[in-house]
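Residue numbers (numbering that gives the first Met the number 0), protein chains in the order written: chain A, 0 to 485; chain B, 0 to 485.
Derived from the structure by calculation, the hints contain no laboratory data.
Note that CB positions come from ideal geometry on N, CA and C, so glycine has one too.
Hints may be right or wrong, so weigh each one.
[To be verified] If the Cβ cut is set under 8 Å, some of the chain B residues that face chain A in the computed set are: (1) Arg-111; (2) Gly-407; (3) Thr-421; (4) Ala-457.
Protein chains: 2
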Amino acid sequence: MTAETQASPTWVVEDQVAAAANAAPAALASSRGQRAEWLTRVALRLDEAGDDLVAVADAETHLSVDRLRGEVTRTTNQLRMFADVLDEGSYLEASVDVVGTIGGDGSQEIRRFLRPIGAVAVFSASNFPFAFSVAGGDTASALAAGCPVVVKAHSGHAELSRRTAAVVNQALDEVGAPYGIFGLVEGREAGLALAAAPPVRAVAFTGSLPGAEALMSAMSTREEPIPFFGELGSVNPVVITPGAALARAQELAAELVASFTLGGGQFCTKPGLVFVPSASSFANAVGERVESLPGMILLTERIAQSFDAAAGRLRSAGDVRALVHGAADDADVRVPVVLTTTIDNFLEHSDALLEEAFGPLTLLVEYRSLDEVITALARIGGSLTTTAHSEPEEDIDVLVTSLAERSGRVVFDGWPTGVSVTWGQHHGGPWPATTSQHTSVGATAIRRFLRPIAYQGAPSHVLPPDLTDAGLARLPHRRDGKWVRA
Amino acid sequence: MTAETQASPTWVVEDQVAAAANAAPAALASSRGQRAEWLTRVALRLDEAGDDLVAVADAETHLSVDRLRGEVTRTTNQLRMFADVLDEGSYLEASVDVVGTIGGDGSQEIRRFLRPIGAVAVFSASNFPFAFSVAGGDTASALAAGCPVVVKAHSGHAELSRRTAAVVNQALDEVGAPYGIFGLVEGREAGLALAAAPPVRAVAFTGSLPGAEALMSAMSTREEPIPFFGELGSVNPVVITPGAALARAQELAAELVASFTLGGGQFCTKPGLVFVPSASSFANAVGERVESLPGMILLTERIAQSFDAAAGRLRSAGDVRALVHGAADDADVRVPVVLTTTIDNFLEHSDALLEEAFGPLTLLVEYRSLDEVITALARIGGSLTTTAHSEPEEDIDVLVTSLAERSGRVVFDGWPTGVSVTWGQHHGGPWPATTSQHTSVGATAIRRFLRPIAYQGAPSHVLPPDLTDAGLARLPHRRDGKWVRA
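Just chain A, same shape as in the assembly:
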């Protein structure tokens, strides 16, 4: 069932971009209610097509039917969440200023809100064929903003991408969304052309640092620079305190193994680096549990090869031990890898040991004191998440400050691979975790595709409907800086 990428020729990319650019004025003119209807209809049709799509996705990605079913639900929930965001309306950040404006008589009052930036390009992720791909968070938030979207399919699930795009297009067509509001292209060259195309106003990307560098290089040829919203990689440090290791090593070991092997370890929030007390039984507990796990088929042959190479480099970074390193019979299968090293070796080889191995691998770093962990954390770049497992009586203030410096989500007594899809969720962090403050998860994802505009002294009949008195009556907004509820 797995299908090859059908590389889009240049004229197809140009056509899709032109169609998206031509749809931009109608998307700009659409109402919040209309866009909410686009999103809920897409969610409905995806739910209906879920079983068929999941079968295609499982054949292409080996991520398992159960996991993929859950991901469809997450994806349609995301679409419906943005319908709610549109309905609520405060994302527009509407405001009216009269006090202190020029003239002093209200004739030059300032009415401001956020407006869509125009057509945008969305690059699908390998590891979330639904939630971060064709109809994922980037697409949902861009359509919600009123921006036409051209998606670049991921080669790891080419057929699923085509089928999902067909469902999206049909749903959008049913509710009268503008022609050209959504398109799909395939292949590496098409992706580079898409990012460089003049009408594209922003690029949203989830993938590897090398992939991002190729895109950013293509974008550097643009006459007008545009934002690059990238999520590029993350080792997601976890700290197990001495107290936690003493109190519940077995339980934490089981949870870690479940977390770092979830989805074949192909999660951007996979705990790839775990600081554990050297005197504890934690490492052995992890090793024992991993031995009994089955081998895993990774998303693509290329990802499997990259995983092997990265695992090899990590193993050669000084004094690193593989707790488990059986070889699988089948060349397509990878066994989970647990590496251990000392904090001293980590500090000596931190550059090499901070490489993200995308797949089922985690590195345990054995420390003597939490002070050493603080020192080590200072060497680590940005991650999407950091995690602390501790006991209530332990003083972790300094540790938490350090963890908060290095990530956008600090998890306590939980695991980073569980991501709640809620209004305030954040999935981002300092470079290279993400390249922008707001990302593809949570309600503020929409903000990436909007820019402020202020109307000064505008006659009511030329204002966008949301900024007229009648529109503001239905919107939470500010008046002279003070919040006014709808």
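Given chain A, put chain B in place with the hints provided.
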């Protein structure tokens, strides 16, 4: 009284950056109330020192004592506005999600807000020695966010920069702000080193496109990329409709002349391009009024030379006529320049005619129909502002749509050089007007210096005070996506 730049040697830049980086943890830990006190004390001391500072500024910039007095007031109002923003607190975008979080029992609830990004670099503008310089909007919003600031002084007002910095430092010291929270460096090389310094987390810049390119080039050597918040240039198109030209050509001509020569035409919102009906008396009315104006001393000799060169290039772009082009007796003085051309010549030479001439020059483009203006506007890059002067009975819907595409502020029956400093004001626009969605004017300026962080399942005692139940009780925030007032 004019003083030369005293170029900061490398070690001074390194010292200032290190001091700022060392101050970051204390700035992060400071309360909103403390930071509001920093800002109001700086405002107080600047107001007290106003007369002395204005005298220095006038000697260095020739911007006139009256204008500079007004600018001091604007600057201290900005500082106090950010104290209000801190007091109100919704800028933190605090939220709590319980519904739909992992576990389902509230043990892994998500508490999120925005936290400061760390030490930042601020580059002063030539043309606003107070409001966009040492203690201007960038500095005010960064300090409000909790970010230490290192300012690069502008060579056009070096002595004023030193004196202002001394006032700022003394005020911050009085109220116990952390040592190193504010610093100043001088000279081009120091500026490049500042932008490239690893501890600097963002660069805010107001200036020319070539200046920005030099900085961005220095920043491209960084191991970790950081955001560049730039305001780079703007021609600020104005459209006078046939109806407006017929009804009030004399009045509009007088207002245009006042606007494009304000501050020697050295405003980023100067109307540099004005579309006027070819059949009207508008151009002649402008020409007559300009003849009686005195010559102007520009901010620096370099700016004056650049102005002459740009004016020369504009005059040579095909069929361009200078309505007034008297020569001043004094080599330091520039006379205002009004150029006129036809819409056909503008379309033929639009690249050349869209150059921003920073100084007292405006280009009138004579059109036959508003359709021609729409065509011409499509050739124009982003501006900070666009403006329409029309009569109530005219249909300007298409025109307004076009103006809104090209700028971040659309002014109706007013002039763009008057900028209200209010909560919702916006001063930005598509490239090259600004490089980011949020800029140095208005309350959202603070957002540039903040990044989201989510705490998942955090024990109350490790949460930042604003995110505890007690803190949230004093903050407007969201709970499961719904607004809750303080």
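(message) The hint names B:Thr-421 as touching chain A; please verify it with the least Cβ-Cβ distance against 8 Å.
(response) holds, 4 Å
(request) Double-check B:Ala-457 for me: the hint is only fine if its C-beta lies closer than 8 Å to a C-beta in chain A. (result) Check passed: Cβ of B:Ala-457 comes within 5 Å of chain A, closer than 8 Å.
(message) A closest beta-carbon separation below 8 Å is what the hint needs, so does B:Arg-111 meet it against chain A?
(response) Holds, about 4 Å.
(request) Go through the hint on B:Gly-407 and say holds or violated, using the shortest Cβ distance to chain A against 8 Å. (result) holds, 6 Å
Violated hints: none; the structure is consistent with every hint.
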